[in-house]
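Q: Given only the sequences and the hints, what does the whole structure look like? Please build it.
Going line by line, the protein sequences match chains A and B.
First residue of the first sequence? That's 1 in this note's numbering, and the numbers climb one at a time after it.
First residue of the second sequence? That's 330 in this note's numbering, and the numbers climb one at a time after it.
Please keep in mind that the hints were generated in silico from the structure rather than gathered at the bench.
A few of these clues could be false.
Claimed, not checked - Keeping only pairs whose Cα atoms sit at most 25 Å apart, straight-line, the calculated BS3-like set for lysine-lysine is: (1) B:473 / B:491; (2) A:240 / B:424; (3) B:354 / A:225; (4) B:354 / B:343; (5) B:546 / B:491; (6) A:240 / B:474; (7) B:424 / B:343; (8) B:608 / B:546; (9) A:240 / B:473; (10) B:354 / B:340; (11) A:240 / B:470; (12) B:470 / A:244; (13) A:244 / A:225; (14) B:354 / B:621; (15) A:225 / A:240; (16) B:354 / B:424; (17) B:340 / B:424; (18) A:244 / B:473; (19) A:244 / B:474.
As the structure is a computational prediction, the values presented were derived from the model and not from experiment.
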Amino acid sequence: MLQFILRRLLFIIPTFFVISFVTFIVIQLPPSDYAQTYVSGLLAQGDNIDAQATLKNLRDLYGIGEPAYVQYGKWMWGILTRGDFGMAFEYQQPVSFIIWERIEFTIVITLASLLVSWLIAFPVGIYSAVRQYSLGDYLSTFLAFIGISVPSFLMALVIMYILFKYFNITLGGLFSSQMEKAPWSLAKVVDFLQHTWLAILILGVSSTGGLIRTLRANLLDEMHKPYVITARAKGLPEWKVVIKYPLRLALNPFISGVGFTLPLLVNGSIIISVVMSLPLVGVMLLRSLQSQDMYLAGSLILITSLLTIIGVFLSDMLLAWVDPRIRYQ
Amino acid sequence: MEGPELLLEVKGLKTYFFLDEGTVKAVEGADFSLLRGGTLGIVGESGCGKTVTAYSITQLIESPGRIVEGQILFHRRLNGVEGSPATTEVVDLAKLRPGSRSICEIRGSEIAMVFQEPMTALSPVHTIGDQIMEVILLHRKVSKKEAREQTVEMLRHVGIPKSETRLDTYPFQLSGGMRQRAMIAMALMCRPSLLIADEPTTALDVTMQAQILELMKQLQREMGMAVILITHNLGVVAEVCEQVAVMYLGEVVEWADVEALFADPLHPYTQALLRSIPKLGQSKKGRLDPIKGMVPDPYNRPGGCPFHPRCAQMIAGRCDQERPPLVRRPDGRTVRCVLYADS
Chain A
1 MLQFILRRLL FIIPTFFVIS FVTFIVIQLP PSDYAQTYVS GLLAQGDNID
51 AQATLKNLRD LYGIGEPAYV QYGKWMWGIL TRGDFGMAFE YQQPVSFIIW
101 ERIEFTIVIT LASLLVSWLI AFPVGIYSAV RQYSLGDYLS TFLAFIGISV
151 PSFLMALVIM YILFKYFNIT LGGLFSSQME KAPWSLAKVV DFLQHTWLAI
201 LILGVSSTGG LIRTLRANLL DEMHKPYVIT ARAKGLPEWK VVIKYPLRLA
251 LNPFISGVGF TLPLLVNGSI IISVVMSLPL VGVMLLRSLQ SQDMYLAGSL
301 ILITSLLTII GVFLSDMLLA WVDPRIRYQ
Chain B
330 MEGPELLLEV KGLKTYFFLD EGTVKAVEGA DFSLLRGGTL GIVGESGCGK
380 TVTAYSITQL IESPGRIVEG QILFHRRLNG VEGSPATTEV VDLAKLRPGS
430 RSICEIRGSE IAMVFQEPMT ALSPVHTIGD QIMEVILLHR KVSKKEAREQ
480 TVEMLRHVGI PKSETRLDTY PFQLSGGMRQ RAMIAMALMC RPSLLIADEP
530 TTALDVTMQA QILELMKQLQ REMGMAVILI THNLGVVAEV CEQVAVMYLG
580 EVVEWADVEA LFADPLHPYT QALLRSIPKL GQSKKGRLDP IKGMVPDPYN
630 RPGGCPFHPR CAQMIAGRCD QERPPLVRRP DGRTVRCVLY ADS
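A: Pasting the structure below:
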């Protein structure tokens, strides 16, 4: 077991470097750079500047123009030795100054919506499988397919419209303006929830449909296995049978999927965050990619992929904990 | 002491499966009974309804299957204290709702089951100790510690060495024979009065089969429980059972003491079945006599006697028309065939 954990931990290191290198190169690939974008932006506004000199200054300042692997090396060195992720050109601030808060909020909202989707999906999925082809099963299947097929941003827009039109509620942002800078308190948490409940709900619901279907299918596969009959033959009441035996085995695919749910929710939240003007990582990443703000984009991808790797590692550990067949290999 | 006491009577049991393609009459008239402490073998080809009959007894038939007719009378002993005459109550298991509290109290506690595949019949992610202890924790008022001790004891009893440590192993860490022993230990935890073993040795290799059968016989003697052994192996029946019910297409066509059945099979199907198995001392040139034809499609049961299309003694105009009556012979054995209807 210890060897298993150690091996998985060691795998993290090369994976991390490969991902960060590849993303860094890909960001660099378009035939322009931030300095170019910036200068042509200034020129377009009619500023009277010496284009060539400014361009050269900017490139020298930020180390743009050197070969990509040299830039990558310097950037990585900075991160590993000083925790310095480089400059966010557009914000004129070090990357590490501006991203952490966003990442924290993104994680909070992501985890909250993951929780919501599980809280809905588990009971409904179990019900659907245990009472297969019942009215409730058909109903939940119907709703699940609607949940899968209706884009979440559309749902968000419609609900926001209804809330505004009939209840005069505007949702957007994370806090009300007076709470924005206030120190953390119970009131601020309440304020946060008041502003983000819809986003959490919609993000959660958008993955619920798929989860219900997966759980139903997994559980139905397990429900007819001989060990379930054994459990019934022991005299266990039906609900205990389901929870202890088939559900336990039906969870394995879920647990191995947890690692991949995290990045999916981060990426999946981009459109929702734009629609509901939530200052989350996704929006910042989108913007930085458009303006080729390479250190910012690189750092964001680096951190999300690191989260993914950690997520996969954790789900591996969980799986080994839950399933002895993996543990005792 | 008065004569042997009845434990289970199955009368006119019918279990059907209602599928979109039609109704499958998996059990279409099963009649037999079993004495307390006795051993009954149920034999027949694959798909003849042996397992469905067994599952019907404990109401383990899953939807869309359902018991549609018949009685399963279980003579349940109430707090039988040693020495004093035990009172019994008769429960009709066929009337209990599947999954109801009353059937759950009987399952595992008074009627226990052992299944065919010890690999798949045990959960792969729970230790065998956990799965075995569960039975006794469910039906008896014992602490976790006592349950554990009793489980260790029972595992040792069924011949699992180092049972204190084996308790915490997972099924995949045990061999097939060990797993089946664990299965048996699980079934016997509450000292049931009836053990239903559904092809308990089919998935094991031959040497293991003999050991497991021997173990079951020994435990039966010690605990005085009755056993229903479901098998397609007539050799096993001859070895272990006192009575046999022969099934064909959902019907018990013949029910008799094992010696009587082997010495003088009455039903043409039983006769054909006995001719089709090799005997020791049979000359090499002597050929086995297989039963001609195939088991009919369960959706289209032949009318009249279900065996008539394959029967050598078929009486045209009778066997394919009327359903043969259940004939009770003077010695108590029953047979379902028109050949004996008039005697």
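Q: Each hint should be assessed against the structure and marked as holding or not.
A: Here is what the structure says about each hint:
A threshold of 25 Å between alpha carbons decides the hint, and for residue 473 of chain B with residue 491 of chain B the separation of about 20 Å falls inside it, so the pair holds. Between residue 240 of chain A and residue 424 of chain B the alpha-carbon distance is near 23 Å, which keeps this suggested pair within the 25 Å criterion. For the given pair, residue 354 of chain B sits about 23 Å from residue 225 of chain A by alpha-carbon distance, which is consistent with the 25 Å threshold. The straight-line distance between the Cα atoms of residue 354 of chain B and residue 343 of chain B is roughly 8 Å, inside the 25 Å bound, and the hint therefore holds.
For the proposed pair residue 546 of chain B and residue 491 of chain B, the alpha carbon gap of about 23 Å is at most 25 Å, so the pair holds. For the suggested pair residue 240 of chain A and residue 474 of chain B, the alpha carbons sit about 22 Å apart, so the restraint of at most 25 Å is met. Using a Cα cut-off of 25 Å, the hinted pair residue 424 of chain B and residue 343 of chain B holds, with the two alpha carbons roughly 13 Å apart. Only pairs whose Cα atoms come within 25 Å are accepted, and residue 608 of chain B paired with residue 546 of chain B is accepted, the gap being roughly 24 Å.
A distance of roughly 18 Å separates the Cα atoms of residue 240 of chain A and residue 473 of chain B; the hinted pair therefore holds under the 25 Å criterion. For the hint linking residue 354 of chain B to residue 340 of chain B, the alpha-carbon distance of about 16 Å falls within 25 Å, and the restraint holds. Annotation: proposed proximity of residue 240 of chain A to residue 470 of chain B holds, straight-line Cα distance about 18 Å (limit 25 Å). This hinted pair checks out: residue 470 of chain B and residue 244 of chain A have alpha carbons roughly 21 Å apart, not beyond 25 Å.
Simply put, residue 244 of chain A and residue 225 of chain A have alpha-carbon atoms about 14 Å apart, close enough for the 25 Å limit, and the pair holds. Of the supplied pair hints, the one linking residue 354 of chain B and residue 621 of chain B holds, its CA atoms being roughly 23 Å apart against a limit of 25 Å. For the hint linking residue 225 of chain A to residue 240 of chain A, the alpha-carbon distance of about 16 Å falls within 25 Å, and the restraint holds. Between residue 354 of chain B and residue 424 of chain B the CA atoms are separated by roughly 19 Å; this keeps the pair inside 25 Å, and the hint holds.
About 13 Å separates the Cα atoms of residue 340 of chain B and residue 424 of chain B, which keeps this hinted pair within 25 Å; it holds. Pair hint residue 244 of chain A plus residue 473 of chain B holds up; C-alpha atoms about 18 Å apart against a cutoff of 25 Å. About 21 Å separates the Cα atoms of residue 244 of chain A and residue 474 of chain B, which keeps this hinted pair within 25 Å; it holds.
Comparing the model with each earlier hint shows no violations; every hint is respected.
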